[in-house]
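Please model the entire structure based on the sequences and the hints provided.
Those protein sequence lines, which keep their order, are chains A and B. Residue numbering for the first sequence follows the numbering used here, starting at 1 and increasing by one per position. Residue numbering for the second sequence follows the numbering used here, starting at 1 and increasing by one per position.
Any given hint might turn out to be false.
It does not matter which identical chain is used: a pair holds within one copy or between any two.
[Said to hold, decoys possible] Here are the simulated lysine to any residue pairs, SDA-like style, with alpha carbons at most 20 Å apart:
hint, residue 1, residue 2
1, K185, T72
2, K89, A122
3, K139, T40
4, K185, A214
5, K8, E136
6, K4, E136
7, K4, K89
8, K213, G142
Everything labelled a hint here was simulated from the structure, so no lab data went into it. Only a predicted model underlies this, so the values are computations on that prediction, with no experimental measurement involved.
There are 2 protein chains.
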Amino acid sequence: MKGKTIIKRYPALLIQGGRTQKVEDWVAVEGSYELYLNDTLVDTIVVSPTDLEAHALGYLVTEGFLKPEEVTGVEQQGDQIFVRTATKKIIPRKAAHQNVIYRRREWGEIPVVSSTLEVSPALIIQCAQQIPEHSESWKKTGGIHCSVLFDQEGRVIKAAEDIGRWNTVDKIVGYALLHRIPLTKKILGCSGRQPEGMVLKAARAQIPIVVTKAAVIDRGIEVAERLGVTLIGFAREDRFTIYAHPERVRVAFSPHLR
Amino acid sequence: MKGKTIIKRYPALLIQGGRTQKVEDWVAVEGSYELYLNDTLVDTIVVSPTDLEAHALGYLVTEGFLKPEEVTGVEQQGDQIFVRTATKKIIPRKAAHQNVIYRRREWGEIPVVSSTLEVSPALIIQCAQQIPEHSESWKKTGGIHCSVLFDQEGRVIKAAEDIGRWNTVDKIVGYALLHRIPLTKKILGCSGRQPEGMVLKAARAQIPIVVTKAAVIDRGIEVAERLGVTLIGFAREDRFTIYAHPERVRVAFSPHLR
Chain A
1 MKGKTIIKRY PALLIQGGRT QKVEDWVAVE GSYELYLNDT LVDTIVVSPT DLEAHALGYL
61 VTEGFLKPEE VTGVEQQGDQ IFVRTATKKI IPRKAAHQNV IYRRREWGEI PVVSSTLEVS
121 PALIIQCAQQ IPEHSESWKK TGGIHCSVLF DQEGRVIKAA EDIGRWNTVD KIVGYALLHR
181 IPLTKKILGC SGRQPEGMVL KAARAQIPIV VTKAAVIDRG IEVAERLGVT LIGFAREDRF
241 TIYAHPERVR VAFSPHLR
Chain B
1 MKGKTIIKRY PALLIQGGRT QKVEDWVAVE GSYELYLNDT LVDTIVVSPT DLEAHALGYL
61 VTEGFLKPEE VTGVEQQGDQ IFVRTATKKI IPRKAAHQNV IYRRREWGEI PVVSSTLEVS
121 PALIIQCAQQ IPEHSESWKK TGGIHCSVLF DQEGRVIKAA EDIGRWNTVD KIVGYALLHR
181 IPLTKKILGC SGRQPEGMVL KAARAQIPIV VTKAAVIDRG IEVAERLGVT LIGFAREDRF
241 TIYAHPERVR VAFSPHLR
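In structure tokens, the structure reads:
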């Protein structure tokens, strides 16, 4: 498991200028590893699978849990990384915080998204074009993510801005819950990447179509496949790429990816 | 504290085409709030200060802690957000995980970065230009962050790629520790934004200059100011902006920002 593969190819549909093309698209790989300090589990880290010993050591030091001089060894064994100190210091599990992105959790119990929503390619492009236009703050700072909830005509229901892309989805879903807006025929537009944790949020909220202007990550595709989310990436200008469940987009092409 | 300000202006130096200009730059604001479920603290969330009740509710639901129908109320009081359910359900503190970015921690004890490093504007531009060139994976997927450690001549010591921008810094610092490379005269180049948590990582590692091609976030500037980190953002083509400790960059201009 000491893999160095941080990208891999996925089958996808590229829709550009009204034409549909089957492609093999490069996607970033999400790995998860258990981080142990003196044989006590500190955290499950989600990380691209390179430089794992360096990551474990750097994480514990730059988050202030260890001083460099305390460390006596770092070693990877399969999906586990062990950091050792002379003093047998421990950090109780989950006392450590996770800056990174997503800790793996069980998601087998999440119901598959059930929706009859079907949209045209033009509608996806229309939604994508409205994502940055709703963020004056983004234009000013370059440091703000935005998610937008669209109805099935591509009209904006709610736009949420945040420094964290995860937060923008929380704000959208929370807004819908507060206003009793059902989500099973809505489209979620995002400015940010879609790893497993982001797509899980949409799945838990029963949102059938997720469109991002940015990239998708490999486990995001896997979750979307399994939980029935139509996952669309790189939605920019007149193009977008469908990575999972293309059957909700009416394209002039056999919609089966696999 | 129910503010709606998610961006604010900071004084900065813009260096472009060899000229230096004092500017007031818009920067995204980082807020932190305590999230309570039935009066038990779940987590400290870091978020742009809008839609906070929606965020709290969306976060608890999309992470799978609550079902929408369990919620009986959501309310913000100052820096605290309270979510209530009929069943008095609780989630023990830190059992919740944090997708977002950074939980505030005490950092008063971190020593100010002490370094005699001084560089030219041309060196900063040279470093910035080398950040994406070291990530073939980024070019292929658009979903990979990259950090690069440079020596004081702008030569690459180590490049680290990851789906998480935090991880790239951990990998760089861990690599330096594993190879006993002192960091007090090095430059850290990043592809990603610099909020408080990212700058804290550099400060803990005693890295004097941080350069990102992306934006800086307000508390990132505050940490850099307090802990002696030269913080440079939007380093692209022939330009960059210095947000804190410009005295390490030799520009033909009074280097005092404030």
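I want to check one pair: K185 and T72. Are their C-alpha atoms no more than 20 Å apart within a copy, between two copies, both, or neither? For K185 and T72, neither the intra-copy (55 Å) nor the inter-copy (25 Å) Cα distance is at most 20 Å.
Between copies, within a copy, both or neither: which fits K89 and A122 at Cα up to 20 Å? neither (58 Å within a copy, 45 Å between copies)
Pop the pair K8 and E136 into one bin, within, between, both or neither, using alpha-carbon distances up to 20 Å. Answer is between: at 13 Å across copies they meet the 20 Å cutoff, but 35 Å inside does not.
At most 20 Å between CA atoms: does that hold for K4 and E136 within a copy, between copies, both, or neither? Between copies only: 14 Å across chains, 40 Å inside a chain, cut-off 20 Å.
Intra- versus inter-subunit Cα pairing at 20 Å for K4 with K89: Classified as neither: same-chain Cα gap 30 Å, cross-chain 43 Å, threshold 20 Å.
With identical chains treated as interchangeable, where does the CA-CA distance between K139 and T40 reach 20 Å or less: within a copy, between copies, both, or neither? neither (45 Å within a copy, 38 Å between copies)
Which holds for K185 with A214 at a C-alpha limit of 20 Å: within a copy, between copies, both or neither? neither (22 Å within a copy, 35 Å between copies)
Classify it for me, K213 with G142: is the Cα-Cα distance of at most 20 Å met within a copy, between copies, both or neither? both (15 Å within a copy, 11 Å between copies)
In the structure shown, a violation is registered for the earlier hints numbered 1, 2, 3, 4 and 7, in ascending order.
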